[in-house]
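Undergrad: Heads up: the sequence lines are chains X and D, in that order.
Our numbering applies: residue 283 is where the first sequence begins, and numbers increase by one.
Our numbering applies: residue 6 is where the second sequence begins, and numbers increase by one.
Keep in mind that a hint or two might mislead.
[As the list claims (entries may be wrong)] Dumping the calculated DMTMM-like pairs for lysine to aspartate or glutamate here, alpha-carbon to alpha-carbon at most 25 Å: (1) D/K165 to X/E294; (2) D/K165 to X/E451; (3) D/K165 to X/E534; (4) D/K165 to X/D368.
If you're looking for bench data, these hints aren't it; they were derived computationally from the structure.
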Amino acid sequence: MMDPIVGLWGVEKVFGNGVRALAPVNLAVQPGEFISLIGPSGCGKSTLLKVIASIHAPSAGQVRWWGRDFAHVGSAGHRMAFVFQDPTLMPWACMEDNVRLPLDLERMPATTAGPLVRDALEQVGLGHVLRHYPAQLSGGMKMRASIARALVTQPDLLLMDEPFGALDEFSRNRLDEEMARLCYEKGLTTLFVTHSLYEAVFLSSRVIVMAANPGRIFGEYHIDPAIRRDETFRLSDDFAHMCRDLTQMLTEATHATFSGGA
Amino acid sequence: MNARHMARLTLIAPTLVGLCTLGVWEAACRLLSIPSYLFPAPSDIAASLHANWPMLLHALGSTLQVTLVSLLVSVALGTAIAVVLVQHKLLQVSFMPYVIILQVTPIAAVAPLIIVLVKTTGVALVLCSTLIAIFPVISNTLIGLGAVDPGLEAYFRMHKATRMQTLLRLRIPSALPMFMAGVRIASGLALVGAVVAEFVAGTGGNSAGLAYEILQSGFQMDIPRMFAALFLITVTGLVLHGGMTTIERLLLGRWMRPAT
Ligand SMILES: Nc1ncnc2c1ncn2[C@@H]1O[C@H](COP(=O)(O)OP(=O)(O)O)[C@@H](O)[C@H]1O
Ligand SMILES: [Mg+2]
Numbered sequence: 283m284m285d286p287i288v289g290l291w292g293v294e295k296v297f298g299n300g301v302r303a304l305a306p307v308n309l310a311v312q313p314g315e316f317i318s319l320i321g322p323s324g325c326g327k328s329t330l331l332k333v334i335a336s337i338h339a340p341s342a343g344q345v346r347w348w349g350r351d352f353a354h355v356g357s358a359g360h361r362m363a364f365v366f367q368d369p370t371l372m373p374w375a376c377m378e379d380n381v382r383l384p385l386d387l388e389r390m391p392a393t394t395a396g397p398l399v400r401d402a403l404e405q406v407g408l409g410h411v412l413r414h415y416p417a418q419l420s421g422g423m424k425m426r427a428s429i430a431r432a433l434v435t436q437p438d439l440l441l442m443d444e445p446f447g448a449l450d451e452f453s454r455n456r457l458d459e460e461m462a463r464l465c466y467e468k469g470l471t472t473l474f475v476t477h478s479l480y481e482a483v484f485l486s487s488r489v490i491v492m493a494a495n496p497g498r499i500f501g502e503y504h505i506d507p508a509i510r511r512d513e514t515f516r517l518s519d520d521f522a523h524m525c526r527d528l529t530q531m532l533t534e535a536t537h538a539t540f541s542g543g544a
Numbered sequence: 006m007n008a009r010h011m012a013r014l015t016l017i018a019p020t021l022v023g024l025c026t027l028g029v030w031e032a033a034c035r036l037l038s039i040p041s042y043l044f045p046a047p048s049d050i051a052a053s054l055h056a057n058w059p060m061l062l063h064a065l066g067s068t069l070q071v072t073l074v075s076l077l078v079s080v081a082l083g084t085a086i087a088v089v090l091v092q093h094k095l096l097q098v099s100f101m102p103y104v105i106i107l108q109v110t111p112i113a114a115v116a117p118l119i120i121v122l123v124k125t126t127g128v129a130l131v132l133c134s135t136l137i138a139i140f141p142v143i144s145n146t147l148i149g150l151g152a153v154d155p156g157l158e159a160y161f162r163m164h165k166a167t168r169m170q171t172l173l174r175l176r177i178p179s180a181l182p183m184f185m186a187g188v189r190i191a192s193g194l195a196l197v198g199a200v201v202a203e204f205v206a207g208t209g210g211n212s213a214g215l216a217y218e219i220l221q222s223g224f225q226m227d228i229p230r231m232f233a234a235l236f237l238i239t240v241t242g243l244v245l246h247g248g249m250t251t252i253e254r255l256l257l258g259r260w261m262r263p264a265t
């Protein structure tokens, strides 16, 4: 089998204040997977994502990207993009400049970057507000801009931390459908943190259930990646069954006590 | 009430209040026949402004020069000091108390010392004024440089931004609103400092400022002229404040409404 996109071996994270956010975690993310991380709050979902993004260094264990170390991340074919829980846009820059940021940081010439930036904004339905500033847009639009900023780098791995957590259910469902279309059509490998079990089932080919104190992987749930993610799926009996199974697993994870290992 | 309507109202209402006050003032002085050497009517002040215009204009020029030079020095030096202090926690901890001492000591109490110590009057005046105007620049720039969104900082780190890229694209823009607010406060304080220093120095002749005009008018019991000089100081303060607010709005307007 080829190298996983990201591999974690015995990764632990203990913060300076003594909080054990991650007990040993092992995980291999395969190309084309859409993985959701779900679990009670404080179970280390964000920490796991930030370790993968190299925003946090693990306290123990090893992380490998495309079978190599972080120094190679960012080169062609090994690009990683992160969408935070908040839009995290630069308030002093218009949408176009915000989305161009990752390209600017790698010193791509403006003439090359321009069309890519407009494409990315077009893709998330923001083609009409290129010159608008974050303060002029709604929460949902800012989140879309944040996604455009991730897509513009044409990432090979997309990390998203509860990107639609702050949105109303209607906007969230619509964005979920667009996300699913984007990721499945392009075969984009995605790691997606959510606290919504329905969102996890709707989007994922694999759902990873985590438990807290200390944060660890409790179980996995696989969903056929060939299923079309649309309104029909959301209303199907299959969907309801999967949600029921996952609810059960999540309940067990919430009450589970730690007995060492992962 | 819509925004445009409100904006017009915030212009018209204070103007009306001002005009009414002037009207009542003028009427009261005339009806009660208050002599202008006790309390001049607006028309007396206007007449004095007209009569003493060349001298007052010259004084205004002197005060304005001290104010603007010390504002420039404060902004340049204050920013430099803040940038140095922000480099290391130890530097900040070691020097911050002295910056605060600078701030809490009343300028009127220090000014005589500076006037005695520094022989060149112009330099002494600028120094006094800078001494109080520099504090808001230092403290606001420090706060601004520290106020970087941790999410954006993580984003820059993840995308392997260089130190220079982080400084130019993240730290400086993040600091700008606080910095500009500091400069706006400094512009007001620079004028205060200049006038106080002029009072203490009491310099006449070629470098006489508006404070000297006020002192002289007091000695000569020329109260209308005193008011005229006072009026010019107020107008200067207002113009400075307006100018700073405009610059702030031009720089930050679209992403942050500057505090008023
Ligand atoms: N920077 C940090 N410093 C100290 N403790 C932290 C930090 N970030 C997260 N934690 C702690 O680690 C645990 C896991 O947090 P997190 O990964 O944010 O959980 P989740 O995203 O699943 O809600 C929590 O107990 C949280 O308080
Ligand atoms: Mg979280």
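Undergrad: Tell me the hint numbers this structure goes against, listed in increasing order.
TA: 2 and 3
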